[in-house]
Every structure is written in C-alpha cells, then in structure tokens.
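Participant: Please arrange chains B and C on chain A, whose structure you already have, making use of the hints.
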Amino acid sequence: MRRFMGLAALAAVLACGGAHAQQVNVKIGVLSDMSSLYSDIGGPGSVAAAKLAVEDFTKSNPNVKVEIISGDHQNKPDIGSQIANQWFDVDKVDMIVDTPNSGVALAVSAITAAKNKVFLVSGAAASDLTGPKCNANTIHWTYDTWMLANGTGTALVKTGGDTWFFLTSDYAFGHALERDTAAAVEKAGGKVLGKVRHPLNTNDFSSFLLQAQSSKAKIIGLANAGGDTINSIKQGAEFGIVKGGQKFAGLLVFASDVAALGLPTAQGLTLTETWYWDMNDANRAWTKRWQTERPGKFPTMVQAGVYSAVTHYLKSVAALKASSDGKAVVAEMKKLPTDDPLFGKGTVRADGRKIHPAYLFEVKAPSESKYPGDFYKLRATIPADQAFRPLKEGNCPLVSG
Amino acid sequence: MERVVDPLAKKPSALRTQSETLGFVVMVLALVVAPFFTYPLFLMQAMCFALFACAFNLLIGYVGLLSFGHALYFGWASYLSAYSAKAWGFPPEFAILTGTATAAICGLVAGSLAIRRQGIYFAMITLALAQMMYFFALQAKFTGGEDGIQAVPRGHLFGIFDLKNVTTMYAVVLIIFVLGFLFIHRIIHSPFGEVLKAIRENETRAISLGYKTDRYKLVAFVLSATLAGVAGATKAIVLQLASLTDVNWPMSGEVVLMTLVGGLGTIFGPVIGAFVILLMQFKLAPIGEWVLVIQGAIFVACVLLFRRGIIGEIANKLRIRL
Amino acid sequence: MFEIFGIPSTALFGQLLIGLINGSFYALLSLGLAVIFGMLNIINFSHGAQYMMGAFAAYLILQYSGLGYWPALIIAPILVGITGILVERLFLQWLYKLDHLYGLLLTFGLALIFEGVARNYFGSAGLPYTVPESLRGGLNLGFMFLPNYRAWVVAASLVVCFGTWFVIERTRLGAYLRAATENPTLVRAFGINVPRMITLTYGFGVALAAFAGVMAAPIYNVSPQMGSELIIVVFAVVVIGGMGSILGAIVTGFGLGVIEGLTKVFFPEASNTVIFVIMAIVLLVRPAGLFGRRA
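Residue numbers (our numbering), protein chains in the order written: chain A, 1 to 401; chain B, 402 to 723; chain C, 724 to 1018.
Isolated chain A (complex conformation):
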C-alpha cells in the first residue's frame, strides 16, 4: 500500500512537471477527395503537405502536439457533411482543412460555424465562401473563382486577347466562373462574342468547339473543370483550334490536368495559379520533400495551400495556447501576418480571405520543357492587393457597411 502511494505520488509529480511546458493538443482533419475527380489536385497529396507542415512546426515548437486524420468526401456534400459532423462531435477534431469541391466546402463551412471549430479551405473555388456565405470560423486559402476570373480574364485582355467565346459547364459553378470572367474581360476593355453551355461531364465537345471556331474569337474561355476541361482541350487539338490561331484560356486548370493532357496537347494554354513548384528554390526544395511521400507526382497549389494554412493555424494556436474556441483561433489567424516558405508573406482579411499574389502562366511547348514537371512559363504577376475581390464588393456579413 505504501509503495503504491509512493508510486502514485511520483506519477503525480511527473504529470505536474509535464504541465509546466503548457502542452497544447490539436487534432487536424484533412477532408479531401481521395478517390475521384480531384484526388490528384488535393487528396493524399494534401495529407502529405499537412504532415510536412506539422513536422516543420513542431520542430521549433515541441509543446504543440498535433494529430492528423484524413477522410474522403468523394465529392458528395452528404458524405462530407457526415464526416465533418462525426469528426467534430465524436472524434474531437479541432480544424478541418482542404476540401476541394465547392458544394462540400459550403456545407462543411456551415457545420463548422455551428460547432465553433475552424475550417481552412484550400481546395474549393467558390468565392461565396468569403462573400454572402462567409462566417467567423472559415478562412478561404489558396484561390477562388473571382481571382481565377480576374487573373486570367484581365491579364489576357491586356496581352491582346480581347475577344472571347465561352464554353461553359451548365451548372452553378460554371455559370459563376463565366459571369465573373466576362465581367473582368469587359472591364478590361475586351468583348464577349458569344457563349455555349454544355452539360456537366460531356464526352464530346465537337459541336461546341465548332461554334467556338466559327465565332472567330481570339480566346476560348473554358468555364468548366476536371474531365470537361481536359476533353475540351484534347478535342480542340484535334480540330486544329490552336493551329487556327485561337487560344484556350483554362479558367480552372491544375498542373495535374496538364500532366493528364500531355504537353503536345496542352501547349499554349493560359491559366492562373497562386503557386507553382518550379518558381523558386524554396518551392523546389519543398517539392522534393513532398515527393518522398508522393513519388512521380508534382504538388499543386492546393496542396501547397494546405501546408501554408496548417502552418499559420498552428502558429495561432501556439500563440493562444488553446485550440477549442474556433472563433478565437480564426480571429488570431486574422490578426497575425502569415509567413511561410511557400507563399511568403501575406495576410488574412476580415472576410476570411487569405491574400497573396497570383501568377499568369502559359503551358510550355514540348521543345521548351527540359525535365519532367517543367510545365509552365510565367507570363505575368498579379500583385496581392489586386489579385482578390475587393473587401467591400463581397457582401460578407462580417464586413460592416
């Protein structure tokens, strides 16, 4: 009995000794599309990026203990909601990150606000997340439809692409992308000559491409994503669109799509991204580390965004020494300036929008590509203060006035 008391006392002392360092425990859930359309854009690569962020941060902050779990929302708002609810209610997750697919992201954002946790969106595009649907628990990282529309639209008009024809996916996301880009084009002095809407997941674009060709617009804007974009471009090559002098503008294209198309088909495509693996040494070094988990692949801006978001989150949690009050953590994230090796210095705005510069890229011709992954050449840089929608124009309820 005495020995037992002795041991118990010893254990108590040790435990108190541990609390001395003020340990913070955090659980992060990477909710992504692990198995279908967007699995190369986010997916397991996002999990790898999150792990790298945790590794780097805990090296210099050993008192923060982080656990990472991951889930596959399969691009279905139902499943995404179910996982988010389960994670928050049962598994004690503090923060959810990534979530490509705007529908899922919007659903998870609402759930996060209701449960007062944190949601960092890297993969989804809907600019509504920092607009009418904004809330105090969500931060929209990496990119959004407004940035894409304005980046590609404005930059292209300024470089001579002043007549446009839109090939639009006939659902909310496609319409929004087309609407935002048309507005940007017209504001920059260009003209929209016409548009055609195609059903989602169309296999054959020949008739739509024919219409685009006969419009004689200099730029054919692809307001679609995933397989539809790939098909449009592939079949465009067949019909000699690029050879005939017209150019494709990919309004939502990732490096993984370019890899799927291959350079001979994708060459000349213009697109806007906020991060590219081969832009500087820091990016390249990080890519090498990332590739140990994902050999043969190249990281996308979404995955880099996950790294950046997790880093800043952990910084804020360490500063607050707590992680349970979502609103408080997000407020701290907006207060602290961001700084990480991938995106450099930036800020998080009041409406939850992360601000950083955007880049206009053009896909290289096969002859210009010197090594695997050498896809892009930089055409223009859009400074951070112009890349995203102005704060007042968003109709975000958090921004008064």
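Be aware that a few hints might be false.
Said to hold, decoys possible - Quick list of simulated restraints, FRET-style, between CB atoms:
1. 707(B) - 1004(C): 46 to 52 Å
2. 419(B) - 91(A): 40 to 46 Å
3. 992(C) - 572(B): 40 to 46 Å
To be verified - Which stretches of chain A does chain C cover? Using the computed rule of at least three CB atoms under 8 Å from a CB of chain C, they are:
4. 181-190
5. 299-307
What the hints contain is simulated information worked out from the structure, not anything from laboratory work. Positions of the beta carbon are idealized from the N, C-alpha and C atoms, including for glycine.
Facilitator: Using the frame of chain A, we list chains B and C on its own:
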C-alpha cells in the same frame, strides 16, 4: 425461367408469424438502445435509407418489379422537403409532407408509363425516367445544382418540439421509420398484398382469375414511390441537405444493393441491408478508393452465392418467415 | 449560305456530320451490347467498364511495349476479350437459368470492381494518349474542318458494324449462334459445342467494346469513369433499337448520334436528355424497340 425471388424452399414452421413479431420487437429495441452506443446522426441516416430500401423491396420482393430508378422519388422528395423548409419556411411536418406528396405524384406519372411493360423493359423505363429527372435537377435553379440545398433548418415540429435537439430528432425519425415499416407490413399481409404476390408468381394466371393486374401494380408502384419519398423528405431534414447524389443513378443502384444484401422479399432484409452497407461506407471512408471495389464484390458475391441475402439465409435455415 | 430556323446552314451541316461521327461510336458500342443480349440474353452492364479497359489497354501497351495505336487496335480487344471469356466462365455461366435481372446485377457489380481498381491504380484525372501520326490533321470541307481521325472513326465503325452484322445474319456460323440461343438442346444434339460458342460470343462482344475504347482513347479523356458516363446512353440506344437486333443497334446508334447533334444546335441544354425522352416514347409505343423481334 426462375423467379426473381426464391420463395422459402421448405414449408415454414409454426413459428411463422411469431418470428416476424419477435423480429420487430428486437429491431425496435435495438434502435431505441443504439443511440447510447453509436453516433445518433449515423443511425438516423441509416433509418431513412432502411425505409427507402423497404419501399423499394415492396416492388421487387413482393410484386417482382425491378425499379432501377428509385432514386427519382427519394431524391425529389428530398429536394422539395429541403426547399419548402428553407425557402418557404415550412415547419418540418409540412416539409416532409410536401416531399412525400412530390414523390407520390412522380410515382403516379412514372408508374403509369412504366407499368405497361415488364421485366427488363420496365427496369429500363424507370432508369430512363430517373435520368431525365436527374438532368432536370442539375439545371433547375432551385435545386442548387452541384451544391445542393444546404443549411436546411430543422425547425420545430408542430411548433413545439425543437428538432435541433438530437434526442427529439432521433425520436421523430424512429417513429417515422416504425410507422413506415408497419405500413409496409400491413400492405404485404393484406388481401391486396396477396394479390400482389399472386401477380409476382404468375401474372397471366392472376389476370385469368379476373384481377386487373395493371391497376394493382400501379397502386403498389405509387405506394413504393410515396414511402421512398417519406424516407427522402425525412433525410433532408435530418442531414439538413439535399443534393444531386440523391437523384443520381448510383443511388438507385445502391438501394438495389442494400435490398439484395439484406434479402429480397423479406421484410427485415432491406433494414439490415441498409445498415450494413452504410456502416461499410462509413468505416471504409478512410480508404475511400476501395469502397467501389468492395461494393462491386459484394454485388457479385450476393448474386452468385448469396442470393437470399442475410435475412433470407437466416430465415431459410430456421424455416421461419422474416 | 442560308439559314434554317435561325441557324446558318454551314453550322447545321457541320453539326450533322459531327452527329454522324458520334453516332458511329454509339453504334460500335451498342453493337457489342446487342450481340451479347441478342445471342446470350445477358444484359452486360459492365460494357462501359470493358470499353474503358480497352482504352486503358491501349495506354498500357504503349507504356510497356512502345507499340502504338495500330497494333493496339488488334491487341487490346484480344486482351480484353480474354478477360471477358474469363468473366463468362467464372461468373456468368451460373446465371443462365435465372431471371435476366441477375445477369444485370452481376455485371453491374463487375463494372464497379473494374472501375474501382482502375481508379486505385491510375487516379481519376485521366491519362494521355494522342492521335497517331498518320491520322493527324484534317480536311477543310468549306463548312467545317473535318479531322482525319474522325473520318477514320466513321469508316472503321461502318466496316466493323457491317462485318459483324454480315457474320451473324448471313453466314453459317451466325446461323448456328442464332439457333443456339433459341434452342440450345437441339443445336447441341447436332454436335455443336454450345457452351463454347456462348463463351466466345461473349468474348467477342466484350472485344467490340474494347475496340471502341481504343478508338476513343486519342480523342476522349482516358479515365476510369469514361465508361460509366457512356453506358446509360448506350443502353438507351440498344433499347430503342431493339435489344436483340444487330441491325437495330447499328441504325439507331447512327440515327441517335445525328439527333443528338441536331439538339446540340437548337437546344444544347437538352442534348443529354433527348435520348432518354426518345427511349421512353419508343418503349411505350413499340416495346420491343424499333427493330426488335421479341416483345
């Protein structure tokens, strides 16, 4: 040509009706106790799908008609329930009724078109109609397209019971499920149900006996669609979401899988099947890539080796009716 | 240049030609389905997945042996056809005595497996495969630019479709096949190995799907879900044409391609639904399909 459903191979024993009652009691008790051990939201979702599968089973198991587009009724009920609750501010009981009514109307229209043909042609018509309504849902403004209708308010049932409270919501869903289940049980064991089974066994003979089989089949179809609608409408309130997943053809395929795994033509089969399949999807979510493969493998295994399904096999071994 | 219903004639003829090209794809795919259903009474829901496997086989053949499009056109269908034979021997043969619907459910399950496995190993974004050198470029017809590859697709489809129809309807082998479906016992009594014919026929139908897959690889996105996106439409084609009729599948395939092309011009948002509307109407008026033999 063998019938779709294996009737009991041997004569059922005297436990027949008692086994069904016993099974019912066990099921209700399990559902009452379960939320203390398992995540209630999952259980509520499973009950909605169980009701959906039971409604589907009414057609395939007892009338012998394979509807390959049942997601139409489930999904559109879900949409109308969600929309009426969110945009029109209906209280939950009216939202669910609206959804159910939608499903009933769709069932009437689709049924009267599809009933005219049998077998594979019937299945193909139901699939075609479901696909048309899927594309309509994709383009209609009010459905929210790819995003679906989100943040559907749970509301106050009858103005009194706050459905945001998990316990209250669970009780409501349990009651809806049990009522739906009992209703189906009543249909099956009524004179009407006997005629349906006669039509399944041999339609020509039923016609020669003077029954207007088309009318019976249509009524069964509408009932099945309506109950699928109840399931969909309730699901929209529980999960506070209605999306394209609910109207797409993989959803139709999933309800077939649930019923097949549980046991076609048994009354408890679809319930077990729904719980099993949902549990599997949930547990396997971390290794999402393999869910599709495993579902396919289960389909294949069931069709080849396990045609009676879980409940069907148990019922056959024990020579009781479940 | 004149206008028809507000659409310039050049655009109209262009779309008609494209519709014909798409129709040849539909015809090729529905041909395999019609052969399998007509001869074997099996509803092969995994047809889309087997089409996908053909495209993937072409890609893998290129990756691992460097052989390009032309050898792949022969090798891929043979390889996938062999998997079809395995499927028939391992799974399908146990279902002949049961209701049609079990065959549908089994092949549906198989389709999920094939698609899932492909997704696991190759991801969903798609794989690159280009048009072969010899078929690049095209012909300027005045009202549109016709890629050579598409012209080749129409020609190849016509040849294969006509060839298959001829073999089944006009040769002795085809006669044996048709007889074997109607009365296997009697045909067996004549000393013909009926189970082997059935196996080979299924393999042939699957090979046709794979052949269509290889033809699709250069122009459509080679992804695991390329089949499931197409399969429902192809089913509609077969049902409209008449599920047992080879000629029905071919004619309907081409015809529906043209109708879809016209819809894309006049009413593009409906281009996905038009085929289903037609299918529903045809099934109500002529349940056996336009050319079908069985009610």
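Participant: Look at each hint and say if it fits the structure.
Facilitator: To see whether the hints hold, each was checked on the structure:
Taking 46 to 52 Å as the suggested C-beta distance range, the pair residue 707(B) and residue 1004(C) does not conform, at roughly 39 Å. For the hinted restraint 40 to 46 Å between residue 419(B) and residue 91(A), the CB-CB distance of approximately 42 Å keeps it satisfied. In this structure, residue 992(C) and residue 572(B) meet the distance hint of 40 to 46 Å, their C-beta atoms being roughly 44 Å apart. Residues of the segment 181-190 of chain A with a Cβ under 8 Å from some Cβ of chain C number 0, which does not satisfy the need for three, so the listed coverage is violated.
Look at the segment 299-307 of chain A against chain C: 0 of its residues bring a Cβ nearer than 8 Å to a Cβ of that chain, fewer than three, so the hint is violated.
Hint compliance for this structure: hints 1, 4, 5 are broken, all remaining hints hold.
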